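Enquirer: Protein sequences, first through last, are from chains A and B.
Every letter in the first sequence is one number past the one before it in the numbering used here, and letter 81, counting from 1, is 81.
Numbers given in the numbering used here equal positions in the second sequence, counted from 1, plus 1000.
Hints in this document: simulated from the structure, not taken from any laboratory.
Since the structure is predicted, the reported quantities are computational estimates derived from the model, not experimental observations.
Misleading hints may appear alongside valid ones.
Unchecked claim - Some, not all, of what chain A presents toward chain B, calculated at C-beta under 10 Å:
(1) Leu20
(2) Cys21
(3) Arg22
(4) Thr42
(5) Thr43
(6) Asp221
(7) Gln223
(8) Gly238
(9) Tyr242
(10) Asp252
(11) Ser273
(12) Ser276
(13) Ile279
(14) Asp303
(15) Gln322
(16) Arg330
We treat Cβ as the ideally placed atom computed from N, Cα and C, and that holds for glycine.
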Amino acid sequence: MSRLRTPLSLYVHWPYCSFLCRFCAFSKARVPAAGVEHDRITTALLQELRTSLATHQDKELHSIYFGGGTPSLAKPQHIAQIIEAANSLVPLAANAEITLESNPTLAEINKMRDFKQAGITRCSIGVQTLDNQTLAGMGRLHTGTEGLAAVDRAKQLFPGKVSFDMIFGFAGQSLDQWEKELEQALRHADSHISIYQLTVEPGTPLFRDQNAQRVILPSNDLQAQMYEAAVKICSQRGFRHYEVSSYAKEKDAESLHNKGYWQGRQWIGIGPSAHSRYIDPSSGKRISTVRFPDIQRWEQHCDRFGHGTAKSAVISDDDAKQEAVVFGLRMLDGLSNSRFAAVANGQTLENYLLMDQVQQYAHDGYLLWDNVQGHLSPTERGLQVIDSILMDIIP
Amino acid sequence: MLSTRVATLSQRLWSLWLLDKQLDRVIKSTCLQVSKRYATRAATAKQEIDISQYPPERIRNFSIIAHIDHGKSTLADRLLEQTGVISKTSKNKQVLDKLKVERERGITVKAQSASMFYEYKGMKYLMNLIDTPGHVDFNYEVSRSLAACQGTILLVDAAQGIQAQTVANFYLAFGEGLQVIPMLNKVDLPTAEPERAAQQIESTFEIDSSKILHISAKSGIGVDQVLPAVIENILPPEGSIDQPFKALLFDTWYDKYVGVVCLMAIKEGIIRRGDRIVSSHSKTKYEVTEVGIMYPDPKPTTSLQVGQVGYIICNMKSVSEAHVGDTFYKEKHPVDPLPGFVPAKSMVFAGVFPLDADEFSKLDESIQKLTLNDSSVSVHKETSAALGQGWRLGFLGTLHMDVFRQRLEEEYNANILITAPTVPYKIKYRDGTVKFIKTPADFPDGTTMQEYVESTMEPFVLATMIFPEEYLGQMLELCTTHRGEIQNHTFIDESRVMLTCRLPMSDIVTDFFDKLKSKSQGFASFDYEDAGYDDSQLVKMEVLLNGEPVDALAAVMHKSNVVTVGRDIAKRLKEVIRRQLFDIIIQTAANGKIVARETVKQLRKNVTAKCYGGDITRKMKLLNKQKEGKKRMKKFGKVELPQEAFLGILSSKKD
């Protein structure tokens, strides 16, 4: 047995999309008319990967996540190259989770076997909704049936390791419609599903539509009902609610990579607009960085400096503690004192949080506080309004 | 070898010489600057204007009174141009309106004075134009200004005719015993109806319409007849230069360089720099450091003497030392003081609070500075459970309040919250004592009311409204719904009606004026004067959030308004209170009875759907911003009230 290595995650941002969704706020670009310069972006990604992982060679890679954009548009051999390059610098753990996001279009589904060969172990499919009119309205180039077919196909290749995304809260959607849609989707589900409320992010076409009152989204009460319906239906179907928008059939099926964000694990992000959070080995300080969002600029920087970092900042101890609570309480399993102490220089939750408020929320059925174990977690009821609660309990 | 050393040496010498030259130049220019500055000062001293050759008979002190927009400031500008006080450039607009608020709103808040020299029939005259504010809120300022004049020009827009304000101003001037010269302005407008306006003047003020001057201040028509008319019709000031010095203080302001500047009308005698003067009121002695006239900016003169109007700077530290209406005399030569002025009476009170409690002391300083220049604002510290430490300020009216707020915000960058304005109600106790209610918190509770209070009283005004006859029905109805008591209505010409009505002051400070304007499509003009107190059945309306009363939202009102206002407030609060994790019940109550009830339903969902790597920074920023916002919320029990809750209630009233 080698000595225990610190876990590290890797996020790879592949910025191109064949279509742009009206609600998407991520950094992305439509595939250029002349096609994607696959070699160019892969070279830049590999360059940034080498530079960024060089100082983390004592760690172990627990997960890699290919997100975007639409990484299923990338060439499988390039995905393979990135995985190999990462592994050669920071060894992959034995059961490492390597996820690729995919659109449920025919072309991309047909590439799945090759992605598997490239090293992908898990697949997350953007089904979003089964309603064809909504899909078209949001700018997506596939149907609901294609979405579910993609899930079925993926299940054959990655049994037990398929997830897909669903969104509720579209304009005009009724509770009844949503319940039926989700029931239908769950009949095709493998072991994991992510269910998001449609969020209107500033700067998106949807945001402009809403401001101009071209679309009117469901009320807060209806959104709450849809959310509650999702929790209930998933539970009936054997999916445990483990994070605000994540459901898994068993513990093993939970997304290791995503849990890393919520549990405060270190990660390196490469590609345009990618964020990283890690402890700098030389200074011992917590660092957060972000790469240039503009693809060309990012590529140029990778060529010249070996990386496209646009900004790097030290995370203060105070911020680190806040983050630990804010993200820890997104999970129904919550946050333990031992995990909090790791970022809080030994401070305990009860020393940090406004305990009067915590006790009050515990009394009102929003939080669970185990003062023997030193463990704080939200109840289902609490999770649903956790953003309100956080403001009261964090000093 | 040697040659290089010589070369280096000579180079060094050369550069030393250069340095020396430069130093020399610097020293010379500095000396030059110093002497220049000195010369300027000396020249200023020499440039003191000598106005001693203007005895009272060659002086006219006059003002212009007019309704807003009837052209008072334009006429003032023309007269100043005509006499060469200001040049004829487009920049010189509203010269006397120095405050930014004044220029923006086209109103005059602070009276200003300007002196002019004018030759008429071979004689040189010193003409002092004393500006007056036009709005009813500033009647106090108007009367101050008028006391320094012997006559006034009543300026009426030939297109709009007599407005309510014209009437009020006329009677104010008439009451001061001033000679009134009516003039019709804007006679060249296509819509002008000078004959009709003249007829209105004749029937309303009993002035012979054939004597009315027709002018256009904008284009200059008839403006050359204005000053001759003033000289011919207005009496020169009285008094004698041989009498001991006696002067009336009628305006002051604070200048950050020289301190308090006092505007005085010299009633007897003469004053010069270096004289020592005494305040009749406080007996404080001051040494005069400068005297002069407003031309239109301060210009020192060798003296100020009987009949003249000018400024005096005398080492006064604070405007609070300068009591308007005070009489000043020379040390060791006391005189009988002139009849003083009625001090400014606050008609409207409002709580003023800093939006951020940390800004309390900064705001305290700003309010002090601003009241230095506006002694008509009364200031009391106030503490509200809801809004923390602040002030209860008394204003002359709602425009005055609004102007004060605007000046605080614009000139002092203040972030403030002003509570709903209230009027000074009176409580008469059985033991004969009378207490003023400046804030709803002072209102007696139920038990006190039953056992000790004899009666509650509220201030009334006598309102004058002028409007076209087709609105008569609506105007009468408006007055009635506001508990108005119609006094009379008169046709001032074939189609215009003047209506006078006794109204509760509290209705004037809320929405009466807005309704008047909208119901008459802007055609009605309105003015009012104080009309004393009357018994009135007053109640305190409380606002409760989940059963807890919120002091800053309480209001005193007439019994008959309770239901309408109660419902209105509950509804408006519902719009601004944010949903929390529980239902929030908003209630308005009076006399222990609930008047209206609204519910802000509980927030059922508040959680960010997506939160992965790239979202963390944004999420934390948002959280901290929201926490900042929450810090500024006022908490009542568990209920959080945003500051907008207070603002929303207030601003919607103005809308």
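Enquirer: Any CB of chain B closer than 10 Å to the CB of A/Ser276?
Expert: With a closest approach of 8 Å, the A/Ser276 hint holds.
Enquirer: Please verify that hint: A/Arg330, Cβ, nearest Cβ of chain B, below 10 Å or not.
Expert: holds, 6 Å
Enquirer: Taking the closest Cβ pair, is A/Thr43 under 10 Å from chain B?
Expert: violated, 23 Å
Enquirer: Min Cβ distance, A/Arg22 to chain B: is it shorter than 10 Å?
Expert: violated, 16 Å
Enquirer: Please check whether A/Ile279 passes as an interface residue: C-beta within 10 Å of a C-beta belonging to chain B.
Expert: violated, 15 Å
Enquirer: Taking the closest Cβ pair, is A/Asp252 under 10 Å from chain B?
Expert: It is violated, given that the least Cβ distance between A/Asp252 and chain B is near 20 Å, above 10 Å.
Enquirer: Hint validation: A/Gly238 versus chain B, beta carbon distance must be below 10 Å. Holds or violated?
Expert: violated, 23 Å
Enquirer: Minimum Cβ distance from A/Gln322 to chain B below 10 Å?
Expert: holds, 6 Å
Enquirer: Minimum Cβ distance from A/Tyr242 to chain B below 10 Å?
Expert: violated, 14 Å
Enquirer: Taking 10 Å as the limit, does the beta-carbon of A/Gln223 come near enough to a beta-carbon in chain B?
Expert: holds, 6 Å
Enquirer: Less than 10 Å between beta-carbons is the criterion; does A/Leu20 satisfy it with respect to chain B?
Expert: Hint on A/Leu20: violated, closest Cβ of chain B at ~17 Å, above 10 Å.
Enquirer: Taking the least C-beta to C-beta distance, is A/Ser273 closer than 10 Å to chain B?
Expert: holds, 7 Å
Checked against the numbered hints above, the structure violates hints 1, 2, 3, 4, 5, 8, 9, 10, 13, 14; every other hint is satisfied.
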